[in-house]
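Asks: Residue numbers (the numbering used here), protein chains in the order written: chain A, 1 to 384; chain B, 385 to 954; chain C, 955 to 1163.
Simulated from the structure, these hints should not be mistaken for laboratory data.
Hints may contain errors.
What the hints assert, rightly or not - Short, incomplete list of chain A residues facing chain C, as computed with Cβ under 10 angstroms: (1) 114; (2) 118; (3) 119; (4) 326; (5) 329; (6) 360; (7) 362.
Note that beta-carbon positions come from the ideal geometry of N, C-alpha and C, so glycine has one too.
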Amino acid sequence: MPVDFQQIRNQAVEMGRQAPEQMQRSRTLLQNALEVFESLGDRSEEVRERVQKAAAEDKKLRCAFPSSEPILDSISEPDCSPAEVTLAADGSQINPSRHEAADFGVVNCGALRMATEELPREFVQSHLLYFEDIEGKSEEMIALMRDVSERKLLVDLAKEGSGSAVALTDGMLDIYREPRQDAEFNRRFDDYLASLRALAELKTIVAGYVDKPRADLLVRMLELMDGTEEDMLQRARERPLGGVTDAMLLHGRLQPGMRSAVFGIESSSSEQFNGPLRLHFFYLNVGFENLPQLARVEIPAWVVEDPALVDTLHATLLFQCRMTGSVPYPYILHRAHEIAVVGLAEREQIGAMIDIELRRNGVDPGIRSSKQFMKDLAGKARYE
Amino acid sequence: MTENPGMEGKNIGYIVGGGLRESLRVRLTVDPQEVQEGAFVVVESGGWSFYGLVTDLALGATDPRFADEQSEERLPAELAKLLHGQTLYTTLEMLPALMMETGPEPGSPAYMEWANAHLGGDEKVLPVKTIPSHHAIARLARSSDIAQIFGAPGVEGNFVVGTTREQDLAVCVNLKKMIQRSAGIFGATGSGKSFLTRIVLAGLIHNDLASTLIFDMHNEYGWDDTASDTNTKVAGLRNKFGARVRIVGLGRDNTVRGQTPDFYLEIGEEDITPEDIELLSRTLNLRETTPTTLEALQQSFGKSWFHEFSQMKVGAVVEDENGKKVPAADSVAYWANQNGVNVAAAEGLRSKLSRVFNLPYVVSGQMENALQTIIADLSAGKHIVFSFGKHESDLDYLLVTNILTRRIRETWGKRVNEFRSNPGKVKEPRQLVVVVEEAHKLLNREMASQTTFSTIAREMRKYYVTLLVIDQRPSQIYDEVMSQLGTRISGWLGDEDDIHAVLSGLAGRDALRGMLAHLQPKEEVLMLGWGVPMPILLRTRRYDDEFWKELLGKETEKKSPEENLKTLGY
Amino acid sequence: MMAGIEIGRALRSSITGCVVGCRVSQLDAPEFGGMVSIPLDDGSKIFGLITDIHIDDDGLVRQLVTAENISSEVIEDNRLNRNVPVEISVLFIGFEREGSYSHLLPPRPPLSLLAIYPCGDREIGGFTSAGRLGYLRHILRAVDLPVAEILAAHLRQAGAIQNKNGNGDWVEAATRELITLLRDDYATLNTVLGSLADTHLYLQGGSND
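For reference, chain A alone in the conformation it holds in the complex:
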């Protein structure tokens, strides 16, 4: 049933009424945050120490800490060329639905390999999950399986060729999940980390590209610094700068093509992502003069250690984003997504295919659950 628009409207009116005040409040907070940020100019060491201390006491703390690059640095587009080889992988999944007749899942990974003066090449890996594969598996597990598949595919592709290479995925590298006792979960997670290590060994620059970042890692760092060390944990809890994002913070500070300094991520996941895999990030303005657009790029520590690699990544990302014109987004990621994506139509086709095979072997696929049946009633396209 559609919403009760009358009810909604009343609430929208109220929202509109509150908006200016909200606006003002945000502006004030941002102003505060900027003040703090700009005060941190050459105090990287101090910040690092405070964050370390805070993290030791609050395991749940998740914020940025400075790297060797000065906090307030904005780095212009480097002179170097983009990587010779750029890889991107994306995955798509069909979750098993206990409502469906023959239960199955699909993990579909797609990748594109672009190399200078070569025809880009597509790759697909499609996995059908059935019987034991899906028994008792949650959607999260399937998602993890997908993440693992994406990286494994990248590893396979990275093995070919020489020269500089960048491997991109959409979203964070930190596939942070609640720690579990689930052995299989841990096993798969280990596989994931192994892929990242393999890519490191292959000297392929790994990065995760977050398109519309809403992170506030820097802001939380500022909260720790905005006052005494004693109250810092309280501040971390109370969130005086809550509502301000990193992107807002850096909005006016990064010109088109510029990146912020690299920061490390302090979080509980650093237990798994340790050593050369320790996660870092930087912000990059892939937008235009009048329309800045910030992306957050996650990279492992070993990339950060070599400034040339960061530059190559910086140049590659800008190169890729310029391809899509007015809405900047790495072309290769877009393509990888396109190759990987699975829709409802495919789901139905696969379902039908499975039905046939089961019947062929004398097995009745079973009936759809009533709930699914009712959901399916509307919207089935009839051949015209």
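Based on the hints, put chains B and C in the right spot on chain A.
Replies: Okay, now just chains B and C, sitting in the frame of chain A:
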């Protein structure tokens, strides 16, 4: 020799509608130009063959827009042709006339049964009583069809009068049957009537089926003539048949085309009856009082009334005792007064009749000898061409033909009665055909009751005399007489009434009206009526040397002296 | 029998036709009006004509054209790799079972995901020669389809094969059958003849002189 050897028996279309009352409608599957009005068409359906004539052709379209639009301009030629083949068509109307059972396919099991049932019987040709089924195939006639209906050319009694227009197949008429009733040959002036007449007469004479008495008003039939338009020689019956044909001239010293007739005939005064004079009412412009006057004359003078009347003078007066002018004894007035006849009427009549009295061939007494000779000749199987020579007026024609024919018919009538009473002892009288031209002058409504001709026409063959009328104004002929005519052969006619007249007495012939108006003059005729199984459009055969050769054999060929010597063995 | 390369797979279907989904690069794209076959599991085969090729909107390409310049790698990637998502509409015209062709509609529609193939010369020649061109009525019955264009494309394809097989009068017979079927529909007949005229099938008058 067929002009279109591919045409004989060619399928031309299929039945799509129509019925017994209206004509049948045939959808043409060939180009319309391949079939013409009057074509003889055969449809086979359900064990029957239907024979008929094409009476109309009409263009049609499945949708009028196909006809309106010149799609051959828009589309490639081949495509337009395919389109037109399906959407534009010609329908022809076929007037069914006859049908005949054809039975099942020879060789099929049903055929044996059918053949046994019909064993020994002639296949009968019937007037059409049913119709073919939808989509029955219509085709042009084959020579076997023509032979089936009209008779095969070689068989005795079948005389070829012409050929079908499409395929040049010979069409015969059974002359014997034809002369069983009076017949007519019609056509507008110049449409070739006299040629056709010559052909028919040649056939009659050659086959010796009847004696003919031909009233040759324009001196066309006896001796060789010259065609007015082509200036070619036209053979005369006398030239071809020799002594079998006798030329009789009207009045002595009357030459016909520079030739002297075999003998001449003069009309005796005593041969002329009042009825003969009444016949001339219009020609002489006689008044209504004439019959009364004539009767009085007959009363007075009996057989010699004519002579007596001719001797009377108009306006002759003498002076009586008192010096008063009174009618002379030999005056008309005198007689009129004596007999209670109106003087003015009598005098008027006398004046008008002077034309007749002055006729050079009207002589005193009777015409016994010449008449007897004529009768004898006719009885003996000879033929008389009665030439009028220089006496070409209507007056001559009307008077003479009527008198002669009356006398001859009387004779025949007597003989027939004798024959009928004593069939074993008395010889059957010879069939006689009296050929009259300008028949409308003798057979119009006014005179219909008065002339012998109408009597003959109505009597049909009772007394072994029939007519062959030749005329260009059939509408003037009394329709009762017209309807008694059996076979009618008509060339082109332009007048609606004339067309209507030719078709009178024949049921359901509206379809043929258009055809008469479309005949090619001098080339085509429509033959229909009692003596003909079904109406048929013909291309008349040419009256030329070829015709004579075919009719008489090679003897008529004029041989050179050298050739003659050769045949004699030198 | 030329199996041909699979065009795509059936998405949804009915007794009268189906929609095929596929990704084909421009080079291999099937032709409008071309004849296709769908082999069924029982060994029979449904035949159809392609009546529509629908190429969906591509958001990425729309973005690419807004960039300042497009590198040659990206152009090549789009030309050769990125298969255009295509939906092909197919109109059924008959079927083949146990070696004989029928111009009736198939008794059952194809199930989803059955593969579609372009027909080979032998199939086209065999199907269009069988019977009395009855399958044309399926094309004429379809509404909202460019019937004239489909017929022109089909006659061109089938006509070429028939001529090669020595049946020079097939085009004429098919044309005649169409005229007969459309005799009462002047407007449609006109349109159909117009498009047939454009095929140049009738220039030399065929080999049936």
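Asks: Identify every previously stated hint that the structure contradicts and give their numbers, smallest first.
Replies: Violated hint (a single one): 7; every other hint is consistent with the structure.
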